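Assemble the whole structure, with the sequences as input and the hints as a guide.
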Amino acid sequence: MSEFAHRPVMLDEILQVFASVPPGWVLDATLGGAGHATALLDRHPHLRILGLDRDGDALAVASRRLAVYGDRAATAHLRFDHLDHAMEALSIPNLSGALFDLGVSSPQFDRAERGFSYRHAAPLDMRMDQREPWTAGDIVNGYEESQLAQVLRRHGDERFATRIARAIVAARPIETTTQLAEIVTSAIPAAARRTGGHPAKRTFQAIRIELNRELEVLPGALDLAIERTVVGGRVAVISYHSGEDRIVKQRLRFAETGGCECPPELPCVCDAVKTVRLVRGIPRTPGEAERTANPRARSARLRVVERIEPTRRG
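With the numbering used here applied, the sequence shown covers 1 to 314.
Please note that a few of the clues may not be correct.
Here are the in silico distance ranges between beta carbons for each label pair [to be verified]:
(1) Arg119 with Gly281: 36 to 44 Å
(2) Val269 with Arg213: 20 to 28 Å
(3) Gly197 with Gly232: 40 to 48 Å
(4) Arg312 with Asn141: 50 to 58 Å
(5) Pro219 with Glu309: 21 to 29 Å
(6) Gly281 with Pro123: 42 to 50 Å
(7) Gly259 with Gly232: 32 to 40 Å
(8) Asp271 with Glu227: 14 to 22 Å
(9) Asp157 with Val269: 17 to 25 Å
(10) Ala190 with His46: 35 to 43 Å
Result set (EDC-like, lysine to aspartate or glutamate): computed pairs, CA atoms no more than 20 Å apart in a straight line [said to hold, decoys possible]:
(11) Lys274 with Asp223
(12) Lys249 with Asp110
(13) Lys249 with Glu214
(14) Lys201 with Glu175
(15) Lys249 with Glu290
(16) Lys201 with Asp245
(17) Lys274 with Glu306
(18) Lys274 with Glu227
(19) Lys249 with Glu227
(20) Lys249 with Glu13
(21) Lys201 with Asp110
(22) Lys274 with Glu309
(23) Lys201 with Asp138
(24) Lys249 with Glu306
(25) Lys201 with Glu182
(26) Lys249 with Glu261
Bear in mind the hints are in silico, worked out from the structure with no lab data behind them.
Remember, predicted model here, so these are calculated numbers, not experimental data.
C-beta atoms are modelled at their ideal positions from N, C-alpha and C, and glycine is treated no differently.
Next comes the structure, spelled out in structure tokens:
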């Protein structure tokens with residue numbers, strides 16, 4: 001577990017986001033190796049960190065790294081949609097901010113036995129929380145062909161979803177990541193294999209998201225984080241693919257407008273209440289230097305809102 005090192009994405013931007021929030025607890029909803037968390041504690045003495053992670057290996061390493069900060073840091077082995085449980089257990093009444101760095105961390109990909117990568121032979125696992133009973137193998141070998149195709153389209157934007165799902169069903173049982181990668185690759189037309197990275201990338205992403213319910217739990221977690229954040233506090237989200245970013249944009253937009261659908265040129269008649277404002281002036285994507293140095297950052301997109309006093313739209 002000591003090798004669980006993680007280069008935090010858009011670190012300078014995140015430090016800027018939380019520089020001006022009120023003193024108090026900032027939720028790191030996806031703690032990972034605590035890269036963002038330790039930097040925030042070092043740079044901003046007025047902040048404390050509540051770190052959550054569903055990955056027990058990551059949490060063990062992060063907890064050791066945060067121990068030097070004493071009571072300025074606390075951790076919990078929880079999925080981020082259960083953030084209120086951690087707050088209640090630690091008697092934290094509210095948050096000064098929240099950070100969601102979505103997706104999978106580099107160490108999870110790099111550790112072959114976790115089954116996230118199509119580049120290393122391993123059992124079909126892909127569980128972020130290894131306490132969970134279901135694995136990627138249960139999806140690959142258990143879903144009906146139509147279910148599989150739907151997952152690949154919905155979570156992977158895979159245009160060859162039907163062909164891939166048919167090939168997977170025909171090849172069952174499939175036991176390893178490299179077996180699955182070979183089956184997916186063979187199902188995709190040769191011309192399409194030569195562009196867009198590894199042919200199995202979208203399939204592995206889709207199965208991982210389905211297994212870990214990543215998009216399913218995200219809307220409620222974002223709403224809850226905004227609700228528990230004090231006026232002047234901020235919620236920042238780094239997403240890495242279109243499905244995540246679509247949900248983030250929708251939920252932050254809902255908080256910004258109160259869900260109002262009235263024409264902007266007319267007074268609001270639906271009594272919508274807005275609770276945040278969009279924070280501008282902070283880059284939404286990594287700079288060229290970071291994209292070059294850290295390939296994982298290339299697809300990152302940052303969205304930030306600041307909590308305001310609840311206000312009815314005029």
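Structure versus earlier hints - violations, ascending order:
2, 7, 9, 10, 12 and 15
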